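J.: Given next are the chains, with one letter for each unit.
There are 2 protein chains.
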Amino acid sequence: MQITKPTLVIDKQKVQANINRMLKKTENTSVVFRPHFKTHQLAEIGELYKKSGVVSITVSSVSMAKYFANQGWTDITIAFPLNILELDEINRIAKDIRINLLVESTITTSKLLDRISYPVGIFIKIDTGYNRTGLEINDAEIDRIIVLIKGNKNCSFKGFLSHAGHTYSIRGKNDILQIMEFSKITLNELKQKYISDFPDIIVSYGDTPSCSMADGFDGFDEIRPGNFVYYDIMQYHIGSCTLDDIAVVVACPVVATHSSRNEIIIYGGGVHLSKEFISADNNFKLFGYVVKMTKTGWSEPIPGTYVSSLSQEHGIIKTTDSGLKTINPGDVIGIIPIHSCLAANLLKDSFQII
Amino acid sequence: MQITKPTLVIDKQKVQANINRMLKKTENTSVVFRPHFKTHQLAEIGELYKKSGVVSITVSSVSMAKYFANQGWTDITIAFPLNILELDEINRIAKDIRINLLVESTITTSKLLDRISYPVGIFIKIDTGYNRTGLEINDAEIDRIIVLIKGNKNCSFKGFLSHAGHTYSIRGKNDILQIMEFSKITLNELKQKYISDFPDIIVSYGDTPSCSMADGFDGFDEIRPGNFVYYDIMQYHIGSCTLDDIAVVVACPVVATHSSRNEIIIYGGGVHLSKEFISADNNFKLFGYVVKMTKTGWSEPIPGTYVSSLSQEHGIIKTTDSGLKTINPGDVIGIIPIHSCLAANLLKDSFQII
Numbered sequence: 000m001q002i003t004k005p006t007l008v009i010d011k012q013k014v015q016a017n018i019n020r021m022l023k024k025t026e027n028t029s030v031v032f033r034p035h036f037k038t039h040q041l042a043e044i045g046e047l048y049k050k051s052g053v054v055s056i057t058v059s060s061v062s063m064a065k066y067f068a069n070q071g072w073t074d075i076t077i078a079f080p081l082n083i084l085e086l087d088e089i090n091r092i093a094k095d096i097r098i099n100l101l102v103e104s105t106i107t108t109s110k111l112l113d114r115i116s117y118p119v120g121i122f123i124k125i126d127t128g129y130n131r132t133g134l135e136i137n138d139a140e141i142d143r144i145i146v147l148i149k150g151n152k153n154c155s156f157k158g159f160l161s162h163a164g165h166t167y168s169i170r171g172k173n174d175i176l177q178i179m180e181f182s183k184i185t186l187n188e189l190k191q192k193y194i195s196d197f198p199d200i201i202v203s204y205g206d207t208p209s210c211s212m213a214d215g216f217d218g219f220d221e222i223r224p225g226n227f228v229y230y231d232i233m234q235y236h237i238g239s240c241t242l243d244d245i246a247v248v249v250a251c252p253v254v255a256t257h258s259s260r261n262e263i264i265i266y267g268g269g270v271h272l273s274k275e276f277i278s279a280d281n282n283f284k285l286f287g288y289v290v291k292m293t294k295t296g297w298s299e300p301i302p303g304t305y306v307s308s309l310s311q312e313h314g315i316i317k318t319t320d321s322g323l324k325t326i327n328p329g330d331v332i333g334i335i336p337i338h339s340c341l342a343a344n345l346l347k348d349s350f351q352i353i
Numbered sequence: 000m001q002i003t004k005p006t007l008v009i010d011k012q013k014v015q016a017n018i019n020r021m022l023k024k025t026e027n028t029s030v031v032f033r034p035h036f037k038t039h040q041l042a043e044i045g046e047l048y049k050k051s052g053v054v055s056i057t058v059s060s061v062s063m064a065k066y067f068a069n070q071g072w073t074d075i076t077i078a079f080p081l082n083i084l085e086l087d088e089i090n091r092i093a094k095d096i097r098i099n100l101l102v103e104s105t106i107t108t109s110k111l112l113d114r115i116s117y118p119v120g121i122f123i124k125i126d127t128g129y130n131r132t133g134l135e136i137n138d139a140e141i142d143r144i145i146v147l148i149k150g151n152k153n154c155s156f157k158g159f160l161s162h163a164g165h166t167y168s169i170r171g172k173n174d175i176l177q178i179m180e181f182s183k184i185t186l187n188e189l190k191q192k193y194i195s196d197f198p199d200i201i202v203s204y205g206d207t208p209s210c211s212m213a214d215g216f217d218g219f220d221e222i223r224p225g226n227f228v229y230y231d232i233m234q235y236h237i238g239s240c241t242l243d244d245i246a247v248v249v250a251c252p253v254v255a256t257h258s259s260r261n262e263i264i265i266y267g268g269g270v271h272l273s274k275e276f277i278s279a280d281n282n283f284k285l286f287g288y289v290v291k292m293t294k295t296g297w298s299e300p301i302p303g304t305y306v307s308s309l310s311q312e313h314g315i316i317k318t319t320d321s322g323l324k325t326i327n328p329g330d331v332i333g334i335i336p337i338h339s340c341l342a343a344n345l346l347k348d349s350f351q352i353i
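Here the protein sequences come in this chain order: A and B. Oh and the first sequence: position 59 is 58 in numbering that gives the first Met the number 0, straight run, nothing missing. Oh and the second sequence: position 11 is 10 in numbering that gives the first Met the number 0, straight run, nothing missing.
Hints in this document: simulated from the structure, not taken from any laboratory. It should be emphasised that the depicted structure is a prediction, and the values quoted were computed from it without experimental measurement. Some clues are possibly wrong.
Remember, identical chains collapse to one label, so a pair may be satisfied in a single copy or spanning two.
25 Å max Cα-Cα, derived DMTMM-like pairs, lysine to aspartate or glutamate [to be verified]:
{"id": "1", "residue 1": "Lys110", "residue 2": "Glu88"}
{"id": "2", "residue 1": "Lys24", "residue 2": "Asp217"}
{"id": "3", "residue 1": "Lys324", "residue 2": "Asp113"}
{"id": "4", "residue 1": "Lys65", "residue 2": "Asp348"}
{"id": "5", "residue 1": "Lys23", "residue 2": "Glu262"}
{"id": "6", "residue 1": "Lys347", "residue 2": "Glu88"}
{"id": "7", "residue 1": "Lys4", "residue 2": "Asp74"}
{"id": "8", "residue 1": "Lys291", "residue 2": "Asp243"}
{"id": "9", "residue 1": "Lys294", "residue 2": "Asp330"}
{"id": "10", "residue 1": "Lys4", "residue 2": "Asp348"}
{"id": "11", "residue 1": "Lys347", "residue 2": "Glu43"}
{"id": "12", "residue 1": "Lys183", "residue 2": "Glu26"}
{"id": "13", "residue 1": "Lys294", "residue 2": "Asp87"}
{"id": "14", "residue 1": "Lys65", "residue 2": "Glu88"}
{"id": "15", "residue 1": "Lys291", "residue 2": "Asp74"}
Only chain A is shown next, with the shape it has when bound in the complex (with noise of 0.2 Å):
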C-alpha cells in the first residue's frame, strides 16, 4: 500500500462480509434487498454487491442516480424528497433506466405529473418518527396525491418509504427494534388502506441501526440500508457492529508530533474526515481513533490514542508517552471515521481497495 496523501483505505474482505450478513437475512424470503449507495458512492463497490447478486439500489441524489445508471445499474430509487428542479435530469435517466422518485405534497407531484416524460415509480415518503421530512401516517396529503397519481401514464404507485433515522441518537437493541416495529406497524396500516386500489404497493424501510440488529425483516418488503456497507465510530457507538466489522480506515501521513503535548500532527483534516464528532462531555470531542496500519489492513484501536482536533487540513491526535515513541514524522497512521459516508463522500478521489 503506497500512501502519500490522505486515503481512503477499504478492505474489500470486511465489506463483502457485511454485505453477506444483510444478504443472509433476506434470503429465502420475499424481503427486496435495496441496499443504500450514497454510503460509497464507488462503481467498485457497486460490482461487489453486483457479484453477491444485488440488481435493485438506492442513492439519494439525482447525480449520484446518473453515475449509477452510467455504471449499468437499471433499478434505482432515488429516496430523498423529489427536486422537481432537476425533472430534466430525471427525464434523461428514466428514458433509459428505472427510477423510483419520492414525493410528499400535492405541490411537487403535480409539477411531476405535468413535466414527466418516461415511466417512473412514485413512493410517499412517511415520517415514523424522525422528523426530519415525510408525511405523518393520518395526513390528509397522502389521498390527495395517490388521487392525482391514480391514472398518470408515466407515474406508477409504488408504495409507502420511511427511514428511521431517529435510531441514530438512541442506544440499545431493545428500543431500535421498537422504533423498527413501530415503523412496521405504521407503514402496514397505510398498505392495507390502498392495496385493494394498488395490489402491488410494497413497505420500503432502512436505516443501518436496526437493519444490523434486527434478525429478519418480516412485515417488510424492502430494506435499503447503507452505511453498514463500511460501518464507522458512530455505527460502534449505537451498537451495529464491532470495531472489526468497521471496513474503511482514513490513511494519513504524520506530519509532526509535540511531546511537549503528548500530541501528534497528521495530514489529514475536515476536508479528508469531515467534522462530524462524537462529544462525550462537554469538553471532550472525538473526530476518529487511531491505527497502525499494516501489510494487510489495521490494527485495533492505539490505546489512549484519538483525533481530538480537525481543521481545515491538519489533524491533532492525543496519544500517550509510549503512543508517542512509537510514531514518527513520515509514518501513515489509520484513522477510523466517525462518520464514514461523510469521509467516503471527501475521499471518492483518493482511495484504496485493498
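Dock chain B against chain A, hints included.
T.: Frame of chain A; chain B shown alone:
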C-alpha cells in the same frame, strides 16, 4: 442564474472589494501580500487576484500547489508542515516554479535535504500561541534545523512563519490585535537573532481575523490571510466582517415544507455545507443563515430563519409563520455558510460566479 442543485454562488464584486480592502493596507509598504488560496481553491478567483497585482500565494497542500502551478502561479508557499511522503511530487513542482516549504523538526529537514533536487525556500514554523503545531520560540530545535539548512545548495532559509489560529476563538478587536502584536514580537525576536547570518530572512504571518481588524502590518514582512476573500458567519461572529462583506452563499433547492413545525427541507446537507456549526448554547446549533436569492445576488438574512440541522444531503431550516408563507418547494434559497473554506472545498465542481 440557473440553479438546480446545491451551488456555491460567488459574488465577484464582493470578492473584489474584499481583495481591494486587504491590498490597500499593504500599498506603499514593504509588506508582501501572499493570500492563502485554500479558501477558494479556484483558478477563477486566482485570476481576480492576479489582475489586482498579486504574484505570490499560499496553499495548504502539495495537491493545491500543483493545481495553481498549472494555472501559471510561480511563487507558492505550502503553509503546512512538510509531508516527506510527497517529496517526489514536490520535486516535480519545484523543477518549474518557486516553492517554499515549512519545517519544524530535524527529522523532516534531514529527509528533505537528502531528497530535494531543485531550489526551494524553507520557513521554520513557529507556534505563537495557537498550540496546533510549530516550534516554540525558545526551542533548541530551531538552531539545529538552521545548522542543517545552512550551506545546502537547494534549500535557502527564508525565515519564520506563524498562523495565529487562536484569534478564531477570541472575540473583540483589542484581544485579537494583542495576539497579533505578541506574534509580531515573537517572530521578530527570532529574526533579529539570525539576521546577521541570513540577511534576507523574513517573518510571515496570517489569519483573517487579525489581518481584517488591523489598520496595517508594520513589523511583518508578509501576510497570508485567506478566508477574507469570501468571509462567512464565523468571521461575522468574530467581528472580522459585516454580513454584507460575505461574498458567497450556497444556493439550495427547497424540496419540502412542514407547516406544523415551521420547518423547510432543502437539498443541501453536510456534503455541501460541511458539518461545521456554531453552538450558541447547549441546545442550539446554527449551521447557516438563510437568504432569498435575487436577480443580482441575495437578500439580507430572513429574520428568525436559520439552518438548524444537516444530514448527508438534507438540510432542515427553522423559520417563522411568515417565512414559511413565502418559501415553497421548487424555490431556490441561499445559505450563508458557517465556514466558507469547507463549503467551497465541497462545491469545487458546483459553483457560479455572478
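J.: Which numbered hints are broken by the structure, listed smallest first?
T.: 5 and 15
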